[in-house]
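Student: So you can see what is in the structure, the chains are spelled out below.
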Amino acid sequence: MRIGVDVGGTNTDAVLMDGTNVVSSTKTPTTANVSEGIAKALRAVIADSGIDTSAIDGVMIGTTHFTNAVVERKHLTPTACIRLGLPATVCLPPMVDWPDDLREIVGGNAHLAHGGHEFDGREISAYQPDEVREIAEKIRDAGLNAIAISSVFSPVNATFEEQSADIVREVIPDANITLSSEIGRIGLLERENAAIMNSCLRQLAARTVDGFKAALDELQISAPFYISQNDGTLMNAEFAKEYPVLTFASGPTNSMRGAAFLSGLRDAIVVDIGGTTTDIGVLQHGFPRVAALAVDIGGVRTNFRMPDTYSIGLGGGSLVSPHPKSLPHKEGGTSTTQQDSPSRTLGEGAGGWGDVKVGPRSVGYELTEKALVFGGDTLTATDVIVAGGSEDIGDKSAVAGLDPALVTAVQARIMEMIAIAVDRMKTSATPVPVIVVGGGSILVTGEIEGASEIIKPDHFPVANAIGAAIAQVGGECDRIFSLAELSRDEALDQAKGEASERAVNAGADAASIEIVDVEEVPLAYLPGNATRIMVKAIGDLVEAPPSVPSMNGGK
Amino acid sequence: MRIIDEAVLEDLALGAAVLGTGGGGDPYIGKLMARQAIRDYGPVELYSLDELEDDDLVVPTAMMGAPTVMVEKMPNGDDIVNAFQSVGKYIGKPVKATMSIEAGGLNSVVPIYCAARLRVPMVDCDGMGRAFPELQMVTHTIHGISSTPFAMSDERGNTVLMETISNLWTETFARSVTVNMGAMAMIALYAATAAELREAAIPGTITLAEEIGKVVRRARLEEDEPVETIREAVGGYLIFKGKIGDVERRTEAGFAKGDAIIDGIDEFAGQSLLLSFQNEHLAARIDGEFKVTVPDLLAVLDVDTGEPITTEGLRYGFRVAVIAIPCADKWRSPKGLELVGPAYFGYDTEYVPVEERYGA
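Those protein sequence lines, which keep their order, are chains A and B. Under the working numbering, think of the first position of the first sequence as 1248, with each following residue one higher. Under the working numbering, think of the first position of the second sequence as 173, with each following residue one higher.
Please note: incorrect hints may appear among the correct ones.
Claimed, not checked - Below, computed lysine-lysine pairings styled on DSSO-like, alpha-carbon distance capped at 30 Å:
1. B:K429 <-> A:K1604
2. A:K1643 <-> A:K1604
3. A:K1673 <-> B:K268
4. B:K429 <-> A:K1703
5. A:K1287 <-> A:K1274
6. B:K429 <-> B:K415
7. A:K1673 <-> B:K265
What the hints assert, rightly or not - Here are a few chain A residues that sit away from chain B, every Cβ distance over 12 Å (derived from the structure):
8. E1365
9. Q1410
10. G1622
11. V1669
12. D1670
13. A1777
Stated by the list, open to error - What follows is a list of derived Cβ distance ranges for each label pair:
14. A:E1465 <-> B:D476: 48 to 54 Å
15. A:T1674 <-> B:F427: 54 to 60 Å
16. B:I175 <-> A:G1622: 57 to 63 Å
I should point out that these hints are in silico values taken from the structure, not numbers from a laboratory. Values in this document were obtained by computation on a predicted structure and should not be read as measured data. Cβ coordinates follow ideal geometry from the N, Cα and C atoms, glycine included.
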């Protein structure tokens, strides 16, 4: 059996799964000490199911902890950066596009050295080991041991990054080094940014992952545990300590993977409705479609393979306006609705609700205090759905007086908002299945234009934890090949080989590896048939080596 | 004379994306370069053409190459200075200022880097009033100004200087040298005096880009009819509103070409617009009939936010407004249309100015 845990900003969800069955699930508030919240959630699902902890084969944890550390500028280790590419790139040194406060915390210790490659593999300039050694000594003398190394076109050729790392390790034996080629794709600044962030998160990652381990030990769970990555695959504890940035945005990915699993569909649109926002994403072959553009983390541009999601301000707690006058509306209560068309009343009838507005403002996590059905004084989307009769939540009588025409208009408006957002994420006009998950799924009461069917699977509120529980392991290759020297098939084979090898290194069972995504982009302007090839391979988790639990059990 | 500081630069880059008509390269890297130079060397003076002496020599600077490479192998900085100074050295006269050759996209801001580093002013004009895919497509060509002496420099310190018999030949040679330099080069070209530029260049385009940027920024904050606000700022016409129904792309002779079909919504329901692009948006046909073509500008904006959408950013399901903007008058001369009219890009139609079809 597996346990999946999703640590979100508000809730920590956990599910216990036996094969493809959900045995038990729980939602608990996230705690300041992340490990405590996880322990609590684990205790709840185990107690609920009554199983013995020895029956647990693995624990999969999805967390936003490292993203939050960057956003909140907390627990970051000062980090130096060495970039190989002289004489190119001088006008934009490392961290040039960072917000000042974050650059200051990280230290702004940046160095340029010779090396780097052209798009076609030629060297920009000769690599100079002595130059790197001098830089390493400066970094050592500055008292730093966290270092990121980048090199121009290292996704095409990473040799210089690797050689530099060897030299840095000779000078600083306990160096914590991240190579940009291990993390990002084409786009030097973004890839380098991600590498720097990775090195500055490693201390926190070690502490946090050890904390997870301690929480499992406390519950006498001896099964290995894994952390989910933003591409919907897992990494083991040791790998997570090495690459904490790969957890960024794993939340929406888990939710979409969970939706795929619960519905049994591999190609569909996923609509994840929460309290305040609705995230729409696309499943392709069971994995989230990846965003093509740069992703901003705490004010820094990165180019991870993040899920391509589109968010709208619609959720269970969304405010509905115009707010009908004749509802109990306490003076001095919530001040969130008064500015919209105060002249409207309940009596305006069917024709009067044409321009009804839902969201983007929301009562959010205060839904259970402020919504009418929970004794509050604010008309929310949830209230309207209850009034419509499709759900029975809280005190139904509190919304009995709502104009049926308003209810109809709000329901229609919600379906229209969802339909437009779904349409935006589709790639063609062909109708596709839509899977609805998340706590706010009750908002969906009708048909969605452009959807071939609407699926609201069981256990939809904890789809994210399920997504964590069922994750596999994967590897990628993303670089430019010159088809003047290789045939297309040879290039594809090479790319598939590299992706598979990375999946195995990440813990996949080599026999189960499957190529799930191949994308080729011919590059305009470039000669020699330069083509960017992106391949993703995934496989089932290999049984964890027994050494993993003992390696970090020291403290 | 006005000052380009960091705040002006932000607006300028934003407006340049609208004038880029879907192409012109992502101004992000150029903006970062210019911002860093302003921080290190101070703000840049922007002169109008009228403020220059007749024989003041102006040398435009720009970046040329593959967008994929620009985001990976950024310039040295000395390279752009080398290109600029080589042209001056070859001519043998002092160069007074630099300017943008292309006010749309990346190259609107690249000269700011050069101007800041060398503490030379920039001139408020350009050679396109928008973005175009080829080097000879500038109003300078109409007025017989040669693109040469043409200098291309790489980060290693190499500079290739050329003299050619036509600006089209410059384009041809420049493409192959760019590849040798690693698919990216910094260039200086089209040297001209202020007197010549008063005839040949399109004045005020840097200020125009900045003003458009201001409008876009304000519209982003206030979310109040951004499309209409932008349309008004650029003096354009709303020719269509719709949903992108299909996008087809192909690569031909090194250019990213394609067509998008936009199905009408609101007052345009029932109609269909065919948008054709080659690096930039080039022509719009509504229900099969050409309505707007080059050299007039086509800006495709997100219908809700007013954000300009690039040709690479066109995707099924996006709801967009299509704004047509009259091009500079210079492009409407027979010589101008020969260079950048619909026929040059392979469209079988006469050019009709957008005001004639959409003006009151």
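Student: For each hint, tell me whether it holds in the structure or not.
Tutor: Here is how each hint holds up against the structure:
no.	hint	in the structure
1	B:K429 <-> A:K1604	40 Å, violated
2	A:K1643 <-> A:K1604	22 Å, holds
3	A:K1673 <-> B:K268	53 Å, violated
4	B:K429 <-> A:K1703	41 Å, violated
5	A:K1287 <-> A:K1274	10 Å, holds
6	B:K429 <-> B:K415	20 Å, holds
7	A:K1673 <-> B:K265	58 Å, violated
8	E1365	4 Å, violated
9	Q1410	19 Å, holds
10	G1622	34 Å, holds
11	V1669	8 Å, violated
12	D1670	5 Å, violated
13	A1777	9 Å, violated
14	A:E1465 <-> B:D476: 48 to 54 Å	50 Å, holds
15	A:T1674 <-> B:F427: 54 to 60 Å	24 Å, violated
16	B:I175 <-> A:G1622: 57 to 63 Å	59 Å, holds
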